[in-house]
Each structure stands twice: as structure tokens, then as C-alpha cells.
Amino acid sequence: GAVVSQHPSWVICKSGTSVKIECRSLDFQATTMFWYRQFPKQSLMLMATSNEGSKATYEQGVEKDKFLINHASLTLSTLTVTSAHPEDSSFYICSASGGLNTGELFFGEGSRLTVL
Amino acid sequence: RKEVEQDPGPFNVPEGATVAFNCTYSNSASQSFFWYRQDCRKEPKLLMSVYSSGNEDGRFTAQLNRASQYISLLIRDSKLSDSATYLCVVISGGSYIPTFGRGTSLIVHP
Chain A
237 GAVVSQHPSW
247 VICKSGTSVK
257 IECRSLDFQA
267 TTMFWYRQFP
277 KQSLMLMATS
287 NEGSKATYEQ
297 GVEKDKFLIN
307 HASLTLSTLT
317 VTSAHPEDSS
327 FYICSASGGL
337 NTGELFFGEG
347 SRLTVL
Chain B
96 RKEVEQDPGP
106 FNVPEGATVA
116 FNCTYSNSAS
126 QSFFWYRQDC
136 RKEPKLLMSV
146 YSSGNEDGRF
156 TAQLNRASQY
166 ISLLIRDSKL
176 SDSATYLCVV
186 ISGGSYIPTF
196 GRGTSLIVHP
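Respectively, the protein sequence lines represent chains A and B.
The numbering of the first sequence is the working numbering, which starts it at 237 and goes up by one.
The numbering of the second sequence is the working numbering, which starts it at 96 and goes up by one.
Okay, chain A solo, but in the shape it has when bound (with noise of 0.2 Å):
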């Protein structure tokens, strides 16, 4: 089946940096892909929806300054954490539709970040 392939899958790093995660489709093209964040015990929540060549749309209270979407190609679609702090710790998860019509959706493994 489809394969979307997300790294790094694991990430620390110092409070104000930045954080580069990427997705990648690998034998589809998705022109359509969606950031997720997960907090422990919640659910996934739509961050943003990231359309190739466009710019991404982002869910009310998502901060579109500091969450950076580029989705520069039909294969690759980037979240960039700006100024990263504690807060922003979570697991950032990746998706892309295998089709308007069949709705379902391929995963990339996740982005565990930790911010110091």
C-alpha cells in the first residue's frame, strides 16, 4: 500500500530553536497532507491542511507564524516549530489522502518532539 515517510521521528531540542519535520509521499503523489498533534491521552488534532503549491490553512488556534507548512512538491510537505518551547513537546503526525474519494488516510510514523 501507499507509503508516507516522516522524520525524524524522534527530536530534542533547546527552547528557541527551530524544529524542521518532514513528510514525505513515497509511490503517490499527495497533493493534499494534513499536520497533526497529539498530546498524551488526546486525540489527534488537526493542525493544518497543507495543499501543494498553495498555502496551507490552518485550524483556529493554530498559530500559522509559528507552525510553518511548506508543501513545496506533490511528495514533500514540511512543519517547521519556530522558536520552539516546552509547550510545544507533542507527537506531530503526518497524513496524506489517498484520494478525495476513498478518504482514507496513510501515515507517516510520527515526530516525537521534546523541548528543553
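By construction, these hints were calculated from the structure, which means they are not laboratory data.
For glycine and all other residues, C-beta sits at the position ideal for the given N, C-alpha and C.
Don't take every hint at face value.
Cβ-to-Cβ under 8 Å is the rule here; a few derived chain B residues that face chain A [unchecked claim]:
#1 Gly111
#2 Leu141
#3 Phe195
Think about it this way: if two alpha-carbon atoms lie no more than 30 Å apart in a straight line, the pair counts; the simulated DSBU-like pairs of lysine-lysine are [said to hold, decoys possible]:
#4 A:Lys250 / A:Lys302
#5 B:Lys137 / A:Lys302
#6 B:Lys137 / A:Lys277
#7 A:Lys302 / A:Lys291
#8 B:Lys174 / A:Lys291
#9 B:Lys174 / A:Lys300
#10 A:Lys300 / B:Lys97
#11 A:Lys256 / A:Lys291
Position chain B against the provided structure of chain A, taking the given hints into account.
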């Protein structure tokens, strides 16, 4: 009211038991429904789609009740390996944005 609601559990059942989860959704225009399974610290993986007519895959049965706006997942003959969090996903017509429920935690014990 949240768009997609699930009882977080945990559901603690012995091996061999039958267990059922429900997931309610608020948007009557929702079109597509799925159950995903998520193991601890891993990404969610598709368990099964939920069709209007219901569908079955081995020990797993999923059903959709549009009138009452909920989907269900039934697991028969529970195995230890079924222990996980089960997420329901609803996609509303038009936006095609998937909305996740909080997930229901299942613990199957010997």
C-alpha cells in the same frame, strides 16, 4: 458538542470476550467513516472502512447508523494483541477534512 465523540474507556476485557465501541458524529452531512487502530506511540493505521450496509472483516464488524448518527465497531473473540486505542474518523462532504474522535482504549487481559 464535539464533532466526533467516543468513550475514552478504557475497556478492560478478558481474552475471548466480545466488545463493542460506538462513535457519534454531529455533522449529518458526513460522508465517509473509518475505524483506525493506534498503538502506543505509533501512528494510526486503518482498521476498516464503514459502509452504509455494514461490513465485516474476520472478528471485526463495523456498522453505520445514519439516523442516529453513530458508527460502531464490534470485536469478537478478543485477543491480547487487540489491545490498542481505536479511533473513529469522519469525513464530511465538501471539506474532505478528516476529523478524529478521541479514541477508545481497549485492554485485553489473559
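To see whether the hints hold, each was checked on the structure:
1. Gly111: Where the cut-off is 8 Å and the nearest Cβ of chain A is about 27 Å from B:Gly111, the hint is violated.
2. Leu141: OK, holds: B:Leu141 within 8 Å of chain A, min 6 Å.
3. Phe195: Since the shortest Cβ distance to chain A is 5 Å, the answer is holds.
4. A:Lys250 / A:Lys302: holds (16 Å)
5. B:Lys137 / A:Lys302: holds (25 Å)
6. B:Lys137 / A:Lys277: Given that 30 Å is the threshold and the Cα spacing comes to 13 Å, the pair holds.
7. A:Lys302 / A:Lys291: Roughly 14 Å between the alpha carbons, so the hint for A:Lys302 and A:Lys291 holds.
8. B:Lys174 / A:Lys291: Roughly 45 Å separates the two Cα atoms, so the pair is violated.
9. B:Lys174 / A:Lys300: Roughly 43 Å separates the two Cα atoms, so the pair is violated.
10. A:Lys300 / B:Lys97: Judged against 30 Å, a Cα distance of about 24 Å means the pair holds.
11. A:Lys256 / A:Lys291: holds (17 Å)
Of the hints listed earlier, those the structure fails to meet are numbers 1, 8 and 9, in rising order.
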